[in-house]
Amino acid sequence: MDAYQSYHQIFMAKEDAEKTAFVTEKGVYCYNVMPFGLKNAGVTYQRLVNKMFKDQIGNIMEVYLDDMLVKRIFLQGPDGVEIEIEIAVRLSFPATNNEAEHEALIQDLQTTFDGGVKQLDVYTDSQLVAAQVQGSYETREWTMTQYLAKVKKLMEKFDRCAVH
Numbered sequence: 001m002d003a004y005q006s007y008h009q010i011f012m013a014k015e016d017a018e019k020t021a022f023v024t025e026k027g028v029y030c031y032n033v034m035p036f037g038l039k040n041a042g043v044t045y046q047r048l049v050n051k052m053f054k055d056q057i058g059n060i061m062e063v064y065l066d067d068m069l070v071k072r073i074f075l076q077g078p079d080g081v082e083i084e085i086e087i088a089v090r091l092s093f094p095a096t097n098n099e100a101e102h103e104a105l106i107q108d109l110q111t112t113f114d115g116g117v118k119q120l121d122v123y124t125d126s127q128l129v130a131a132q133v134q135g136s137y138e139t140r141e142w143t144m145t146q147y148l149a150k151v152k153k154l155m156e157k158f159d160r161c162a163v164h
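Position 161 of the sequence shown, counted from 1, bears residue number 161 in full-length UniProt numbering, the numbering being contiguous throughout.
Take these hints with a grain of salt, some might be off.
[Unchecked claim] Subject to a maximum C-alpha distance of 16 Å in a straight line, what follows is the list of computed EDC-like cross-link-like pairs (lysine to aspartate or glutamate):
#1 Lys153 x Asp114
#2 Lys150 x Glu82
#3 Lys153 x Glu103
#4 Lys152 x Glu138
#5 Lys118 x Glu156
#6 Lys157 x Asp114
#7 Lys150 x Glu84
#8 Lys157 x Asp121
#9 Lys118 x Asp159
#10 Lys152 x Glu101
[Stated by the list, open to error] Restraint ranges, calculated between C-beta atoms of paired labels, are given here:
#11 Cys30 x Met52: 22 to 32 Å
#12 Thr96 x His164: 15 to 25 Å
#13 Asp114 x Lys26: 51 to 61 Å
What the hints contain is simulated information worked out from the structure, not anything from laboratory work.
Computed from a prediction, not measured in an experiment: that's the story for all the values here.
No residue lacks a Cβ here, since even glycine has one placed at the ideal position from N, Cα and C.
All chains, full assembly: derive it from the sequences and hints.
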């Protein structure tokens, strides 16, 4: 779900669609999804998101009216001891899923480097990001090229860094 679009993605009940009808010179139309300005639409969206993610909110994710972010970092020391770091980042700009994945990766890299980590294996749930970083998938779009350059620059700070 693209949280930036928020309640504009919630489908209207068929019986309620006619209540949103409006007339133009081309005909009568009604909304299939919750329209902007509909009373309580924001509250309805927030209630839906809170219900869907009730077990994760406050644990591994944060939810805002226009976005949500989930981040967990697991670090394993040389002695095998594993620690977990939770990060919540709120993007203050509209972002595609790919941009958000790159933003999360950049945050992970910066946080672990700032924490003194020298060797890092990053396991991402985005096959696209992993393939771009590994060089098996080309980035063509200017924005993605800039993100990839930033990721690679951060990766160079580590003694060893791999994205899987």
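Here is what the structure says about each hint:
no.	hint	in the structure
1	Lys153 x Asp114	14 Å, holds
2	Lys150 x Glu82	28 Å, violated
3	Lys153 x Glu103	14 Å, holds
4	Lys152 x Glu138	14 Å, holds
5	Lys118 x Glu156	11 Å, holds
6	Lys157 x Asp114	10 Å, holds
7	Lys150 x Glu84	25 Å, violated
8	Lys157 x Asp121	13 Å, holds
9	Lys118 x Asp159	5 Å, holds
10	Lys152 x Glu101	15 Å, holds
11	Cys30 x Met52: 22 to 32 Å	26 Å, holds
12	Thr96 x His164: 15 to 25 Å	22 Å, holds
13	Asp114 x Lys26: 51 to 61 Å	57 Å, holds
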